[in-house]
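Asks: Model the placement of chain B on the given structure of chain A, informed by the hints.
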Amino acid sequence: MVTGLINENPIIYPKKERRVRTDSNNTDEFAAEPIDQLEIFDILSLDIKDPEHPYSLEELKVITEDSVEVDDETSHVRVTFTPTMEHCSMATIIGLCVRVKLMRSLPPRYKIDIRVAPGSHATEDALNKQLNDKERVAAALENPNLVEMVDECLLPSDE
Amino acid sequence: MELMDTNLGLVEVQKLEGHTDRVWSVAWNPAGDGVLASCSGDQAVRIWEQSELSRSWTCKAVLEDVHTRTVRSCAWSPSGKLLATSSFDGTTCVWQNFDSTDPEGMKAKSKVYHGMHLVHCLQHACGKDKSVWIWEILPKNKFDCAAVLSGHRQDVKMVQWHPTMDVLFSCSYDNTIKVWLSEDEYDGYNCVQTLSESNNGHSSTVWAISFNAAGDRMVTCSDDLIVKI
Chain A
1 MVTGLINENP
11 IIYPKKERRV
21 RTDSNNTDEF
31 AAEPIDQLEI
41 FDILSLDIKD
51 PEHPYSLEEL
61 KVITEDSVEV
71 DDETSHVRVT
81 FTPTMEHCSM
91 ATIIGLCVRV
101 KLMRSLPPRY
111 KIDIRVAPGS
121 HATEDALNKQ
131 LNDKERVAAA
141 LENPNLVEMV
151 DECLLPSDE
Chain B
1 MELMDTNLGL
11 VEVQKLEGHT
21 DRVWSVAWNP
31 AGDGVLASCS
41 GDQAVRIWEQ
51 SELSRSWTCK
61 AVLEDVHTRT
71 VRSCAWSPSG
81 KLLATSSFDG
91 TTCVWQNFDS
101 TDPEGMKAKS
111 KVYHGMHLVH
121 CLQHACGKDK
131 SVWIWEILPK
141 NKFDCAAVLS
151 GHRQDVKMVQ
161 WHPTMDVLFS
171 CSYDNTIKVW
181 LSEDEYDGYN
191 CVQTLSESNN
201 GHSSTVWAIS
211 FNAAGDRMVT
221 CSDDLIVKI
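Residue numbers (the UniProt record's numbering), protein chains in the order written: chain A, 1 to 159; chain B, 1 to 229.
So that you can see chain A by itself, here it is in the shape it has in the complex (with noise of 0.2 Å):
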């Protein structure tokens, strides 16, 4: 049995500067804004850590802000996570806190497609698969471990 950590030293990058949003001009609190990248991003990247170490997706540069791709119209997303390892173990837990956070913060129109970035993952094309298939994420997100170990990583991070 493999103890210890499935990857013992992260490579920590450094938080990336926010944006400040200019939309200084809109004041009505109800009008819908288009959702974008950069406040999917956001909502990634801030409340999501890495199941094994303390930092988020974003300090180990498991999302980028170029890994969101959102077309508001259609209601569409799909964020390509890039495992730290190879052979991460994690990846599964990691695409399904993604979709878990996406879904309990977006609007229910909107269609959450994950994947882990090409070339990233040894068993890629499986794991996005199982990552998609609905009827399997229901069936995970029924299971009060799986749901316990989301909801450990989704916890608010006090900054």
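Hints are not guaranteed to be accurate.
With a straight-line Cα cutoff of 30 Å, these simulated DSS-like cross-link-like pairs (lysine-lysine) come out [stated by the list, open to error]:
1) A:K134 with A:K111
2) B:K60 with A:K129
3) A:K129 with B:K130
4) B:K15 with A:K111
5) B:K81 with A:K111
6) A:K111 with A:K129
7) B:K228 with A:K129
8) B:K130 with B:K60
9) A:K49 with A:K111
10) A:K61 with A:K111
11) B:K130 with A:K49
12) A:K129 with A:K49
13) B:K228 with A:K111
14) B:K228 with A:K134
For the record, the hints were derived by calculation from the structure and aren't laboratory data.
Replies: Just chain B now, with coordinates in the frame of chain A:
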């Protein structure tokens, strides 16, 4: 009939609200117009009826507190008198409407335990344990497992009987569609054909199969974004 002149298109007639979670499947009662069953992640099944006068739909019964997890699918028996529902909790329930004038009288007639995670459809069940189970209804509300069919390499997503022939089709996360039939009474069911990528099948999870009434056409849809007929 001037079919070509009419403007064919789908128009939403009514929105049926009541479920508190995703609705996974619906099934029309084959016995007559106006009855629909829906099953949901909220662990309940709802029966909807269309009023003859106003043509509007109302929820006539909520079948709950029986399944303990998402109800994944529901299907009516050909007579329309029985409804089978299957759930992630590993069971299939068969429901009967005891009093046809009182739709609230739908009760779980019997509960069959499979020991798998996902279970499907009337008189056959497929599941995350990669097998397909065929059940027979015996007198006095008993069910007997007639056969367990193994062969798929991954979870079985759906099964469907051919409308006229005694042939069973199953489709799976393993990208294939399998055809099962029983050559003779004693032999049991065997997989006689597997439709996979190499013989014009799909290249990803096959989610559903359906037949036209005549049974000479079958349609399948898949995660590979293709619908095949």
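Asks: Now, for every hint given, state plainly whether the structure supports it.
Replies: Each hint tested on the structure:
1. A threshold of 30 Å between alpha carbons decides the hint, and for K134 of chain A with K111 of chain A the separation of about 11 Å falls inside it, so the pair holds.
2. Under the criterion of a C-alpha separation no larger than 30 Å, the hint pairing K60 of chain B with K129 of chain A is inconsistent with the structure, at around 39 Å.
3. The suggested pairing of K129 of chain A with K130 of chain B holds, with an alpha-carbon distance near 17 Å, which does not exceed 30 Å.
4. Between K15 of chain B and K111 of chain A the alpha-carbon distance is near 21 Å, which keeps this suggested pair within the 30 Å criterion.
5. For the given pair, K81 of chain B sits about 37 Å from K111 of chain A by alpha-carbon distance, which is inconsistent with the 30 Å threshold.
6. Restraint check for K111 of chain A and K129 of chain A: satisfied, since their Cα atoms lie roughly 15 Å apart, inside the 30 Å limit.
7. At roughly 20 Å between alpha-carbon atoms, K228 of chain B and K129 of chain A fall within 30 Å of each other, so this suggested pair holds.
8. For a cut-off of 30 Å, the pair hint linking K130 of chain B to K60 of chain B is broken: about 35 Å separates their Cα positions.
9. The straight-line distance between the Cα atoms of K49 of chain A and K111 of chain A is roughly 23 Å, inside the 30 Å bound, and the hint therefore holds.
10. Using a Cα cut-off of 30 Å, the hinted pair K61 of chain A and K111 of chain A holds, with the two alpha carbons roughly 24 Å apart.
11. With a C-alpha separation of about 34 Å, the suggested pair K130 of chain B and K49 of chain A falls outside the 30 Å cut-off, and the hint is violated.
12. Restraint check: the Cα-Cα separation between K129 of chain A and K49 of chain A comes to about 23 Å, which is no more than 30 Å; the hinted pair holds.
13. For the given pair, K228 of chain B sits about 23 Å from K111 of chain A by alpha-carbon distance, which is consistent with the 30 Å threshold.
14. Restraint check: the Cα-Cα separation between K228 of chain B and K134 of chain A comes to about 21 Å, which is no more than 30 Å; the hinted pair holds.
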